[in-house]
Amino acid sequence: MKRILVVLLCLGLLLTYSLGTRAKEDVTAGPNYSEETQECLDCHKSYTPGIVEDWLKSRHARTTPEMGLGKSALEKRISSDTIPQNLLSVAVGCYECHTLNPSPHQDNFEHFGYQVNVIVSPNDCKTCHSAEAEQYSDSKKAHALDILQKNPVYNSLVETITSLKEVNDNKIVHLKASDNAKWESCYACHGTRINFRGSKQVSTTLGDIDVPDLDNWPNQGVGRVNPDGSQGACTACHPRHSFSIEIARKPHTCAQCHLEPDVPGYNVYKESKHGNIFDSKKQEWNWGNVPWKVGKDFQAPTCASCHNSLLVTPDEEEIVSRTHDFSKRLWVRILGAIYSHPQPKSGKTYEIKNKDGLSLPTTFTGELASEYLIDEKEQTFRQTEMKKVCQTCHGTSWVGGHFAKFNNTIVESDKMVLAATQLLLEAWNMGLADQSNPFDEALEQKWIAQWLFYANSVRYASAMSGPDYAAFKLGWWELSKNLQEMHDLIELKGK
Amino acid sequence: MKRILVVLLCLGLLLTYSLGTRAKEDVTAGPNYSEETQECLDCHKSYTPGIVEDWLKSRHARTTPEMGLGKSALEKRISSDTIPQNLLSVAVGCYECHTLNPSPHQDNFEHFGYQVNVIVSPNDCKTCHSAEAEQYSDSKKAHALDILQKNPVYNSLVETITSLKEVNDNKIVHLKASDNAKWESCYACHGTRINFRGSKQVSTTLGDIDVPDLDNWPNQGVGRVNPDGSQGACTACHPRHSFSIEIARKPHTCAQCHLEPDVPGYNVYKESKHGNIFDSKKQEWNWGNVPWKVGKDFQAPTCASCHNSLLVTPDEEEIVSRTHDFSKRLWVRILGAIYSHPQPKSGKTYEIKNKDGLSLPTTFTGELASEYLIDEKEQTFRQTEMKKVCQTCHGTSWVGGHFAKFNNTIVESDKMVLAATQLLLEAWNMGLADQSNPFDEALEQKWIAQWLFYANSVRYASAMSGPDYAAFKLGWWELSKNLQEMHDLIELKGK
Amino acid sequence: MKRILVVLLCLGLLLTYSLGTRAKEDVTAGPNYSEETQECLDCHKSYTPGIVEDWLKSRHARTTPEMGLGKSALEKRISSDTIPQNLLSVAVGCYECHTLNPSPHQDNFEHFGYQVNVIVSPNDCKTCHSAEAEQYSDSKKAHALDILQKNPVYNSLVETITSLKEVNDNKIVHLKASDNAKWESCYACHGTRINFRGSKQVSTTLGDIDVPDLDNWPNQGVGRVNPDGSQGACTACHPRHSFSIEIARKPHTCAQCHLEPDVPGYNVYKESKHGNIFDSKKQEWNWGNVPWKVGKDFQAPTCASCHNSLLVTPDEEEIVSRTHDFSKRLWVRILGAIYSHPQPKSGKTYEIKNKDGLSLPTTFTGELASEYLIDEKEQTFRQTEMKKVCQTCHGTSWVGGHFAKFNNTIVESDKMVLAATQLLLEAWNMGLADQSNPFDEALEQKWIAQWLFYANSVRYASAMSGPDYAAFKLGWWELSKNLQEMHDLIELKGK
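As you go down the protein sequences, you meet chains A, B and C in turn.
First residue of the first sequence: 61, per this note's numbering; consecutive thereafter.
First residue of the second sequence: 61, per this note's numbering; consecutive thereafter.
First residue of the third sequence: 61, per this note's numbering; consecutive thereafter.
Bound conformation, chain A alone (with noise of 0.2 Å):
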């Protein structure tokens, strides 16, 4: 008797896998791909493998925009109410992509029949993820190179550091930088300018082939400047032909770009509570789902969560909305900098101008440029945002307390930079250094860390609390000991 009753409890369990499984493999057989799609592929799985595994296993070769179209609000991928008739029932694949909007793309080139671009731009993501695409044009992060290099501040500082040195009686003669060291450090994250020169032959196992001669070229920086005049790199946080949400939504895709000693963001998130739980349970966690359940699909925040995902509680209500302007949640910004300040209006940076004339949030003594940077109310708003977040696991006393903290830090960390910015004048006004340059010295270089190393890592402890970067590691420890060791050298350069 009670053997029938296990075979037939048996049968309904098998009954269910058996359902479950068939439903997977629904979507597995997939969408038809494209004839064109489907010639690039059998060309292309031999020559690169790769990235046709990679697409192949990814959710565009698995789905068409017509299918994302049919999702309901909440669990919609893509933004575009409208999608081109004929990409809207065939799988998003190599030739959907690589031939969108040629016009304007000067990476555009005859290859195999077909006209492709190099490049997929932010404009051509858009035709499905309009959306996203449009929040990230005004964000900082697509300006990044233009903040860099528009800025004549920041421009001196990367200059100056990634400058060739030579010895020339004894004194240290900076060169001009070169576009290849800039393009590997700085440029790596804040993207590159890539240029067309024109084309070139290429020797590949199937012959000389023409391609577009581009300059500065391989990059995914988050603010690169394409061939079709757009603004950055998707891939650079949904890399390759997978386009992964997974990844993107874990931290060590942010962690390429913001590590210590200058944003060390994924370093403090590491070393927190909450990086220590998802180190530790990560594997169980749904990592696909959309929208994103706190709780049910997480138990604890990364990157993505608290700073651009869409969050929905576990019966669906909606806790924050997705944006890809990553400081939509920020009210203060705290890296970069010399001083801490409210967000930018504008992802624009180099428009700023301060009361000295330069493009920086705040004058030499830490005084705002308020009428560029956004007001209290905007502020209570970014945070009541975040603070949302926040309380989907804490209550309304810990976070309070948190972020009473974190304000208090803030004040705290400037007030460091302040002494170390007045040891600088002070030796400026002494003649122990030139000012003419403000960041090519010893003592200037001392200045630097103490606000773009050590003031950045104790706000981001704060922020995030990790511990360690508050204390001996680019935290206090080092903001007193650098102010120390700049009066000393002070004192010896005087002797």
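Don't read these hints as lab results, they were simulated from the structure.
If a hint is listed, it holds; no wrong ones were tucked in.
Since the list gives no way to pick out one identical chain from another, each pair is judged satisfied if it fits inside one copy or across any two copies.
Only pairs whose alpha carbons sit at most 27 Å apart, straight line, appear in this in silico DSS-like list of lysine-lysine:
#, residue 1, residue 2
1, Lys225, Lys475
2, Lys356, Lys117
3, Lys541, Lys553
4, Lys117, Lys342
Place chains B and C on chain A using the hints.
Chains B and C only, in chain A's frame:
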């Protein structure tokens, strides 16, 4: 014929599988929640869904103290012999934990009809986990805040590092360190003193509610002083509402505080062969098993296996017993003080008095305050305990060779600190530095780095076999370079 | 009707599943163990259960050389054509490996009736893995200890760093470096010389037993000199008794030695897009497949894929062949020496003589010792091999752009070292530093950091696209700052 065999085999398999599944389902279905806990869940699943889901996935949600008491001695996860009757047969839920021992809890408050404690303290967890709470209460971890605050030497180090600095008349002026700066740096790991300041009103989506107004909150430092007077935070290692043994056993947990440059335990582990195997194979290990079977459940140790877990052989023979006093298998203390020394007898290290009258385990030149430190017999006993763990995978000769090297490293690293101390003494004697605060000048900071960073690092690297931390990364390279730089700085200052 | 279909489907599925399970079980049931190995296991499962379990999970426990010989050329994991008869049809067990070639093994000893070698050396593994042992024996890794010890320049660097220092009369005195200090730092990776000192008695739970007394043991450095005279330790990458190809293919293994600041290979990889994808998706990859299929088995490379694994396309076309000489796909050497240079012809780099008569691949100012280095033709060949790997995922133009940048970075980083060398020469000429030991003074240490840390880092960052290591983290920022600090130190000393 073969086919019939296969089908029979299938059915057998299916039977096993479905029985396995049933058993698992029974656990998942789990015990009854108390009515009170159910009421908490009904409301909080809307307001803090993250922690509700976290708890629902926890063992606490799927078991009762009664079920725990029924386990064999080795399998038991609770150590109290008797549990209050009202807790026995319901899941370990919100109400059960957050309402224990209300009278000492200054943070107890009326919350929608219940008297709730904000913080569940070690004294509350002790209800079921008495052995663990007892062991912990004697450990250095439980006294981690007092160790900094009640010892004038360490208190002065903390104040010197975290005090706000101003520049006045080209001099650095140390202001008083704020609670805030200490809270987010040193005390983030060591724990804060949570003071009850009274009641306050907070705005929530349910309207304004009254909650306790707590100082230095939130904090999960290991030596937190709780509003009920108890010391410690079990959540430091068993975070939030999953109370996961898996998370506690994974090294990312320890990594939150045991990080370079001052306590590079995690960094050295990551770089060791143990860490290499952990990172490569952890996904296949059984992280939740109690008792934990060497070789069966895991093939390389983590922090927990060596330092505190109950370990058994695959045949369930006990190798070492569980302890929540994390130095019970440690004979020598290799971090945090100027010189290495035998482990202190008591976790209250601020009660030590050395020959100079300071609360340090050695004098300035390394003489031991022996009466406060464990004797040779106890050292041998603890080393033998640790060796038992090593010898589950390594032969006697291997283990002997390893510890001989480690013991020699301890001696040599202490000598490298002594050399730095002698240079500092010289500088003080020559008036090139001011002894009144031994922690604030550049030369003194180099001396601190010699023992707190580099000598520590070399010892950790030796103890756990992570060679880079004995070499170029905070190791012998830095020990030697730092000494040379101290020498040069004295020379330049003395010119 | 549909229901019947489903049930039939279920049974089909079940059949497949159960057959798959049976097949797997057959492997698990595995081959016979030799009687001797069985005896080892019977005893050691009580005394060192960890390694017994480790071995039981290994491929060696589940296969025989005979089974290995039967595989196709691409699938083969052993490379010897003939295997001794007595080993052919039993599992590769304790007895089989630990008793090979007893006569050269100074560490051979009588152990409960068997003559056992403590250390299984590359010469023993060669019995089945002859091609790998041959390749390895010519590599720099095999000679890693000699490279430090037999080259007076590097030997002096090691001694200077690891020597114990005393302060006498305000001067730093370098004592002789202990074997111990070298063993746990430089030689931990490079390997120690394991000397046989005779026999010794150790106390075990089985009573006192006699075992070989070995010097500098334990050690798993890649250039270990074994008691049988062979060089290397296969366990450096295939650790302990699992001999796992999965572990060897995962970058954590290489990370044990290839770490910042001196060899930041792992750090740069972690930060690269390859590392980002690895960290995000590794749990889905097939880590044990031989041959390893690009795209199918993994979607982003690890250290092993680029540097030594046999790679094939999904259609099993060979891309690159397996090698255990890890520089066979490397044309330029970017680490460890003052300037970058073409790879040495021989792994015995201590045999090089440059124009100054030193065993270095370049002179002090960068002139190549060309006759000891591979020629342009070989450089082109190796670069082409590496490009084959890149081109499985990246187009010709992409790969060309990447390598052009890398080649330029090599030139620029060498120039930044030359500038530092010129400052050092000046200091020596002016008597501000003493050339007799070029490694012990603060200024000289800065010069070392310029080439050993920062120039290395920039080149790695360029080669593997981890931008922070070309920028603020040990990159151009440090190259420029360090140069400036050398300049300032000379100025201060010369005042």
